[in-house]
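Protein sequence lines correspond, in order, to chains H and S.
According to the working numbering, the first sequence holds residues 1342 to 1658 in order.
According to the working numbering, the second sequence holds residues 381 to 670 in order.
These are computed hints drawn from the structure, not numbers from a lab.
Please read all numbers here as calculations on a predicted model, not as lab measurements.
A hint or two may mislead.
As the list claims (entries may be wrong) - Residues from chain S that keep clear of chain H, each with C-beta distances beyond 10 Å, as calculated:
#1 Ile425
#2 Val433
#3 Pro517
#4 Phe518
#5 Pro550
#6 Gly557
#7 Gln570
#8 Pro574
#9 Asn613
#10 Gly668
Stated by the list, open to error - A short, non-exhaustive set of chain S residues, derived as facing chain H with CB atoms under 10 Å:
#11 Ser390
#12 Leu404
#13 Ala405
#14 Gly490
#15 Val497
#16 Leu508
#17 Arg564
#18 Gly592
#19 Leu599
#20 Leu645
#21 Leu650
Said to hold, decoys possible - Footprint (simulated), chain H over chain S, 3 or more residues, beta carbon under 8 Å:
#22 407-417
#23 476-487
#24 498-506
#25 532-543
#26 622-634
Each residue gets a CB set at the ideal place from its N, CA and C atoms; glycine is no exception.
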Amino acid sequence: MAAAVETKPSAAIAAQRVHDGFRTAVSVVASASPAILVLIVLTLLQQAQPALHQFGVGFLWGTDWNPVADNFGALPAIFGTVATSFIALALAIPVGVAVALVLAEQGQTTLRGLLGTGIELLAAIPSVVYGIWALYVLAPWVYEHIEVPISDHVTFIGWLSDPAVRGLFNAALVLAVMILPTLSAISRDVIRAVPRGLKENAIALGATWWETNWRVILPSARAGIFGAVILALGRALGETIAVTMVIGNQYVIPHSIFQPAYTLASVIANEFTEATGTLYPAALVELGLVLILVTLVVNVFALILVRSTSREARLTA
Amino acid sequence: MNRNMRRSYSSRTWLGLMYALTVLALIPLGLVLWFTIAKGLPSVIHPQFFFNVELPPCEPKCPAVSNAGVGHAIAGTAIMVGLASLMAIPVGVLSGIYLAEYSIARWASGVRLACDVLVGTPSIAIGLFVYAFLVVPFHHFSGFSGAVALAVLMLPIVARTTEGAVSLIPSGLRESGLALGLPRWRVSLQLILPAAAPGVITGALLAVARAGGETAPLLFTAFGAHILELDPNHAMQALPMTVFRYALLPYKSLQAQAWGAALVLIVMVLGVNLVSRWVLRRQIALAGSL
Chain H
1342 MAAAVETKPS AAIAAQRVHD GFRTAVSVVA SASPAILVLI VLTLLQQAQP
1392 ALHQFGVGFL WGTDWNPVAD NFGALPAIFG TVATSFIALA LAIPVGVAVA
1442 LVLAEQGQTT LRGLLGTGIE LLAAIPSVVY GIWALYVLAP WVYEHIEVPI
1492 SDHVTFIGWL SDPAVRGLFN AALVLAVMIL PTLSAISRDV IRAVPRGLKE
1542 NAIALGATWW ETNWRVILPS ARAGIFGAVI LALGRALGET IAVTMVIGNQ
1592 YVIPHSIFQP AYTLASVIAN EFTEATGTLY PAALVELGLV LILVTLVVNV
1642 FALILVRSTS REARLTA
Chain S
381 MNRNMRRSYS SRTWLGLMYA LTVLALIPLG LVLWFTIAKG LPSVIHPQFF
431 FNVELPPCEP KCPAVSNAGV GHAIAGTAIM VGLASLMAIP VGVLSGIYLA
481 EYSIARWASG VRLACDVLVG TPSIAIGLFV YAFLVVPFHH FSGFSGAVAL
531 AVLMLPIVAR TTEGAVSLIP SGLRESGLAL GLPRWRVSLQ LILPAAAPGV
581 ITGALLAVAR AGGETAPLLF TAFGAHILEL DPNHAMQALP MTVFRYALLP
631 YKSLQAQAWG AALVLIVMVL GVNLVSRWVL RRQIALAGSL
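Excised from the complex, chain H in its bound form:
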């Protein structure tokens, strides 16, 4: 009897210990992702040391990229990355928000189900397939039917001149297609998280579908949609292969958006395996470091925005 009384609590303690062991074990395994993230940044920081020492902060606004003279600057690549991403965003935002409004409607019709599946498949297509399609189909078509007419008729704007098959604008166009699913899927979730009461009140007051969405739902989902846009920006900044295939790979700041350019990711993809010496590969890694730090900041900012809006929605609902 006494033994039984004694074993009971110790069994409970043992069970508790096993449970704590399990919890510790899974939390250690789960730490793999944060650990890898930190390791990536530290590794790139260490690999870029020679270039960091040689060029300092001036690396960011140097325009020269000369492996022979060991002189490297990142500005043309940064310009190309930022320009393609922002043109892509400008093209993708109106379409992406429209898609999100359509998909966020309540009730599942066959048409909406099909549209949703289509958008998800758009996200699933590998980057390299977009690349080969853009290279052989999209870019020649856009060159002939959009770029040439524009530059012929709008002769007085310098940055709309000199069309080329491979260039900044075509890269931005592929990017727009590629970030659209991210943009619309997250915006849809944010719009769905808007408290139902708001929508019902607007409808009860006699607002039409458009008035409800434009004056009530979109304004209250604004911060979350902004987060979705920033998240899509992060994807656009880091996209490599499709952009590399159509941007034309010229390390210059182009005078026209139709002209060839370069992005941070494309420079690394094209040149890293051929880079010899110490300074050249280090400069390429430093481009990667710039890229990853920018996308890190952009992503964390966007995730915080998206989460705070859906949490707010849950609290006010």
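With chain H's structure known, arrange chain S on it following the hints.
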């Protein structure tokens, strides 16, 4: 009344415009599918395309039926994605269980944020990282390092989808397990995980499809090869790299191979996605009935 008519018409016009923009967004999907099928099918209909390896470009005169194929790339993709799955899926599933079962823990929100940030990390940077870690010390490119790069890519996807699938399981199942005196780890691994299996498998499949289509992290790790290579200790070819390299070459015969490889990739990726959507729908129905 006139004003209300105008409002109603304007609302309908906007609604129509929104649907029109949605359809516009899907046009690229149709075009990509159409051109990949149209241009890739002539290569893919020859069975040797799947088994033979690369032949030197045969411009300007090619034999009517080319004997070249992408067998080496298919084998490389299979081996590297397989190895990556062995590394990423167990870790990812356990991470997902941690995220779902201990979701209130402060560390869990940190892990969740890290996973989401890792998903958005440029894959080319992952390639650079693995290059510094596994290629530089061994002085040669290898399929194994390619697999590690792909595993880094897959891990957060598996973790987050597992978390989603586990959270779908009603807490009644967990409570009944605990009430019967099962320890927490058995509840998690032997009760909740099997119930969430379809969702977990879906996540793993989606991660496999994503890894199978990635090019950038392989450029400096697996590097590519012209011959069939089954030893992960050597440089390996992969399907997306075949598309990337051949598409940029001036030879028509190799460009045709690139389109063929792109078609194989698309069929794989879309097949996995459609199957996993079907599985996921069953999971949601199952969870609802529990």
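Evaluation of the provided hints:
no. : hint    : result
1   : Ile425  : holds, 19 Å
2   : Val433  : holds, 20 Å
3   : Pro517  : holds, 12 Å
4   : Phe518  : holds, 16 Å
5   : Pro550  : holds, 19 Å
6   : Gly557  : holds, 13 Å
7   : Gln570  : holds, 12 Å
8   : Pro574  : holds, 17 Å
9   : Asn613  : holds, 19 Å
10  : Gly668  : holds, 15 Å
11  : Ser390  : holds, 6 Å
12  : Leu404  : holds, 6 Å
13  : Ala405  : holds, 5 Å
14  : Gly490  : holds, 6 Å
15  : Val497  : holds, 5 Å
16  : Leu508  : holds, 5 Å
17  : Arg564  : holds, 4 Å
18  : Gly592  : holds, 8 Å
19  : Leu599  : holds, 6 Å
20  : Leu645  : holds, 5 Å
21  : Leu650  : holds, 6 Å
22  : 407-417 : holds (count 6)
23  : 476-487 : holds (count 7)
24  : 498-506 : holds (count 8)
25  : 532-543 : holds (count 4)
26  : 622-634 : holds (count 4)
Violated hints: none; the structure is consistent with every hint.
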